[in-house]
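Please construct the entire structure, taking both the sequences and the accompanying hints into account.
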Amino acid sequence: MSLSRQEMARIVARDIPDGSYVNLGIGQPTMVADYLRAGSGVILHTENGMLGMGPPATSDRIDPDLTNAGKQPVTELPGASYFHHADSFAMMRGGHLDICIMGAFQVSAAGDLANWSTGAPDAIPAVGGAMDLAIGAKQVFVMMTLFAKDGKPKLVPSCTYPLTGKACVSRVYTDVATFVLDDGGARVTETFGISFDELAARLDVPLIRR
Amino acid sequence: MSLSRQEMARIVARDIPDGSYVNLGIGQPTMVADYLRAGSGVILHTENGMLGMGPPATSDRIDPDLTNAGKQPVTELPGASYFHHADSFAMMRGGHLDICIMGAFQVSAAGDLANWSTGAPDAIPAVGGAMDLAIGAKQVFVMMTLFAKDGKPKLVPSCTYPLTGKACVSRVYTDVATFVLDDGGARVTETFGISFDELAARLDVPLIRR
Amino acid sequence: MTATEMSALDAVAAVQDGDTVLVGGFGMAGMPVELIDALIEHGAGDLTIVSNNAGNGDTGLAALLAAGRVRKVICSFPRQSDSWVFDGLYRAGKIELEVVPQGNLAERLRAAGAGIGGFYTPTGVGTPLAEGKETRVIDGREYVLESPIPGDVALIRAYVADRMGNLVYRKTARNFGPVMATAAAVTVAQVSRIVEIGELDPEVIVTPAIYVNRLVLPGSAVRRTEVTS
Amino acid sequence: MTATEMSALDAVAAVQDGDTVLVGGFGMAGMPVELIDALIEHGAGDLTIVSNNAGNGDTGLAALLAAGRVRKVICSFPRQSDSWVFDGLYRAGKIELEVVPQGNLAERLRAAGAGIGGFYTPTGVGTPLAEGKETRVIDGREYVLESPIPGDVALIRAYVADRMGNLVYRKTARNFGPVMATAAAVTVAQVSRIVEIGELDPEVIVTPAIYVNRLVLPGSAVRRTEVTS
Numbered sequence: 001m002s003l004s005r006q007e008m009a010r011i012v013a014r015d016i017p018d019g020s021y022v023n024l025g026i027g028q029p030t031m032v033a034d035y036l037r038a039g040s041g042v043i044l045h046t047e048n049g050m051l052g053m054g055p056p057a058t059s060d061r062i063d064p065d066l067t068n069a070g071k072q073p074v075t076e077l078p079g080a081s082y083f084h085h086a087d088s089f090a091m092m093r094g095g096h097l098d099i100c101i102m103g104a105f106q107v108s109a110a111g112d113l114a115n116w117s118t119g120a121p122d123a124i125p126a127v128g129g130a131m132d133l134a135i136g137a138k139q140v141f142v143m144m145t146l147f148a149k150d151g152k153p154k155l156v157p158s159c160t161y162p163l164t165g166k167a168c169v170s171r172v173y174t175d176v177a178t179f180v181l182d183d184g185g186a187r188v189t190e191t192f193g194i195s196f197d198e199l200a201a202r203l204d205v206p207l208i209r210r
Numbered sequence: 211m212s213l214s215r216q217e218m219a220r221i222v223a224r225d226i227p228d229g230s231y232v233n234l235g236i237g238q239p240t241m242v243a244d245y246l247r248a249g250s251g252v253i254l255h256t257e258n259g260m261l262g263m264g265p266p267a268t269s270d271r272i273d274p275d276l277t278n279a280g281k282q283p284v285t286e287l288p289g290a291s292y293f294h295h296a297d298s299f300a301m302m303r304g305g306h307l308d309i310c311i312m313g314a315f316q317v318s319a320a321g322d323l324a325n326w327s328t329g330a331p332d333a334i335p336a337v338g339g340a341m342d343l344a345i346g347a348k349q350v351f352v353m354m355t356l357f358a359k360d361g362k363p364k365l366v367p368s369c370t371y372p373l374t375g376k377a378c379v380s381r382v383y384t385d386v387a388t389f390v391l392d393d394g395g396a397r398v399t400e401t402f403g404i405s406f407d408e409l410a411a412r413l414d415v416p417l418i419r420r
Numbered sequence: 421m422t423a424t425e426m427s428a429l430d431a432v433a434a435v436q437d438g439d440t441v442l443v444g445g446f447g448m449a450g451m452p453v454e455l456i457d458a459l460i461e462h463g464a465g466d467l468t469i470v471s472n473n474a475g476n477g478d479t480g481l482a483a484l485l486a487a488g489r490v491r492k493v494i495c496s497f498p499r500q501s502d503s504w505v506f507d508g509l510y511r512a513g514k515i516e517l518e519v520v521p522q523g524n525l526a527e528r529l530r531a532a533g534a535g536i537g538g539f540y541t542p543t544g545v546g547t548p549l550a551e552g553k554e555t556r557v558i559d560g561r562e563y564v565l566e567s568p569i570p571g572d573v574a575l576i577r578a579y580v581a582d583r584m585g586n587l588v589y590r591k592t593a594r595n596f597g598p599v600m601a602t603a604a605a606v607t608v609a610q611v612s613r614i615v616e617i618g619e620l621d622p623e624v625i626v627t628p629a630i631y632v633n634r635l636v637l638p639g640s641a642v643r644r645t646e647v648t649s
Numbered sequence: 650m651t652a653t654e655m656s657a658l659d660a661v662a663a664v665q666d667g668d669t670v671l672v673g674g675f676g677m678a679g680m681p682v683e684l685i686d687a688l689i690e691h692g693a694g695d696l697t698i699v700s701n702n703a704g705n706g707d708t709g710l711a712a713l714l715a716a717g718r719v720r721k722v723i724c725s726f727p728r729q730s731d732s733w734v735f736d737g738l739y740r741a742g743k744i745e746l747e748v749v750p751q752g753n754l755a756e757r758l759r760a761a762g763a764g765i766g767g768f769y770t771p772t773g774v775g776t777p778l779a780e781g782k783e784t785r786v787i788d789g790r791e792y793v794l795e796s797p798i799p800g801d802v803a804l805i806r807a808y809v810a811d812r813m814g815n816l817v818y819r820k821t822a823r824n825f826g827p828v829m830a831t832a833a834a835v836t837v838a839q840v841s842r843i844v845e846i847g848e849l850d851p852e853v854i855v856t857p858a859i860y861v862n863r864l865v866l867p868g869s870a871v872r873r874t875e876v877t878s
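Protein sequence lines, in the order shown, are assigned to chains W, Y, D and C.
In terms of the working numbering, the first sequence has 122 at position 122, counting the first letter as 1, and numbering is strictly consecutive.
Positions in the second sequence are counted from 1; adding 210 to them yields the working numbering.
Positions in the third sequence are counted from 1; adding 420 to them yields the working numbering.
Positions in the fourth sequence are counted from 1; adding 649 to them yields the working numbering.
Derived from the structure by calculation, the hints contain no laboratory data.
Only true hints are included.
Straight-line C-alpha distance at most 35 Å; calculated DSBU-like pairs for lysine-lysine:
# : chain 1 : residue 1 : chain 2 : residue 2
1 : C       : K721      : W       : K138
2 : C       : K721      : Y       : K281
3 : Y       : K376      : C       : K743
4 : D       : K553      : D       : K514
5 : Y       : K362      : Y       : K348
6 : C       : K782      : Y       : K364
7 : C       : K782      : Y       : K348
Bear in mind that the values here come from a model prediction, so they are computed numbers and not experimental data.
Okay, structure coming up:
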């Protein structure tokens, strides 16, 4: 069986070492927080100026001055700190975050990331912090379904969508398999409801058996 | 009569507009603070990370964590703020200080400043914040005796000592005259114990009568 | 000079036709809503707006855009579910857009405030947003040259000011405020409270008074406007 | 990872022969005296020291220099009335010196911590310290290209830390600490007090814990050294 979004989030959370400094991208990556083990010591960064972000805020704990990068109300954990946008992105771009987790339209076997634009001619470009996250963290984990709705693979020999960052993705977590990208190869570390050979047949990317 | 160091400091203080943000260089310029009118609202910056610096600290008010750029103990005025070195020099280099006051070995008629090195072959180079101050403030005032001990003028057609900054000095306060430098000319605004013609005869710089 | 307390309308009178205006905020956190409303009332046009987003719904920045006052937007993320005002103007060719990665936006604003003429950033290398820009390999890594973004006026929101103009912020509403304050010739800060000089701890001040020219307390601004109208 | 409390000697064991060590402080304010003493005891050599000055008198940095452990000093102001140790080594050709204007020093450290590959600075243009460096005219003003200064280890002094490693400083002892903490692979902070997580107000933290690896309380360090020796 392929994984649900929740199961993918759980698997990503499992692979985050205790005590890591992590940035969770907008959307699906946000769910990873739900599966971090209590006491893991993982500290969340949000690029709008905070380390030590806590769970989403509800009802009377909602504070309009305390949001995550998706502009959703969040909370503050003990040991948190606030800083301005230039300091926050300096932290990211200076390579201080251990892991950043993002969604993607496409990832290439070389680790190129495309997740901000489908290149549609009438699209209004909007990038936010994606390009900074892509090149800033020590490791970039991508979470995505492996195949688009039309069945086309999203792990590709070379991205056809406009890039977010070059050679920046280290792992790809999908609903049917997990890949570690290194030295241009995609190593399959786990499969879910699909065999390695089936996977190899459906992807144009050379795969390495773990 | 030529001016004493105290009188020079008094004249410089007189020319600082109320409410200015000012950096006083190490040494003689420090004395300017003694002549700022109470209620002038002049706010002193020290490049080691403070706005709102107060008078020198004495006896039991000495705090080793609170010094000026000359590493002398100082005090803190109400409304002061502290910041780190990069922020402090960003403030200076970004053109936010109104006036910086420095000593000099030589100033050229074009406003070039030489105040960090005499170029002696065996000298150990040391610049501190002088080059940042020279180019950072909106206006740079120089305080110096007009003639060196050997009688040579220090306001010169072109500096022979290594430069601190190019075309950065706007006014030169000396013991015998005050000069405003603009468009390559040195305009004499005041003389002390010397006539304009005597001054013109002793300097190689074309002077403008105010 | 010590910052001056003013009504919102008086404060934004610093903005002239053709100016570049830096507008703080990330979503509603740190957004100087009353200053933007005053800017609409003020009437200056042909503006370049530098902000993280390009307006939401029909109020604030979106209303400024809808009023036809904005020639160009420099931002990281114009396209949102409720950015219909911007979307319409953009598709109609009535507004220019420069999309800047958020970290480059923050760093370019800092550079403007810090006297940096340009800097080499790793962000955007190999992407469409670096096309036509100078690149350079430094120690084996590729970088793009980016330039400062100075503003004529910054409109920001802080939490507490003292009468000198020192500012502290609140939680993630801090965001772009401190860098924008350094990057503009005139900075107007909308604050929730103004205290006497000496009441803010010098160790905790985030924006020193040197960067702040005008203070606006929204409540009092409304009262003053009513009195004078 | 949460910062770890250690003895000074254990903490500076992060320094290896040939390392670049960033040493905080401006005069004695912010100087991590106990960490420097421990570094001398530790014995690592062939070091490059980045600090504002090059040692005073016969203790601290001067003692490290006198012990022959330093190959090169990068600083803004080596020459002081009591810098005889440095002066002697320099005149004897036994130590390299790179003099950097103080603002460029701070900005180059910041650049290293912020992932900036290089930047154009107005400081030093037309002076001997810009000789041989690339210059560029931007908007009519001349700038010099300067590069980041990354460190292997930073030794800084702060005032209070929490057990996570968040730091606050005291008055002008803040100086180079915050930028050096961002610029080194390993940052060791000597502090006067360590409090529990949550005891520091998140709004006033100057150096977030992500930049701090090791905490040293000088008093306890001495006790521990006595116990183990």
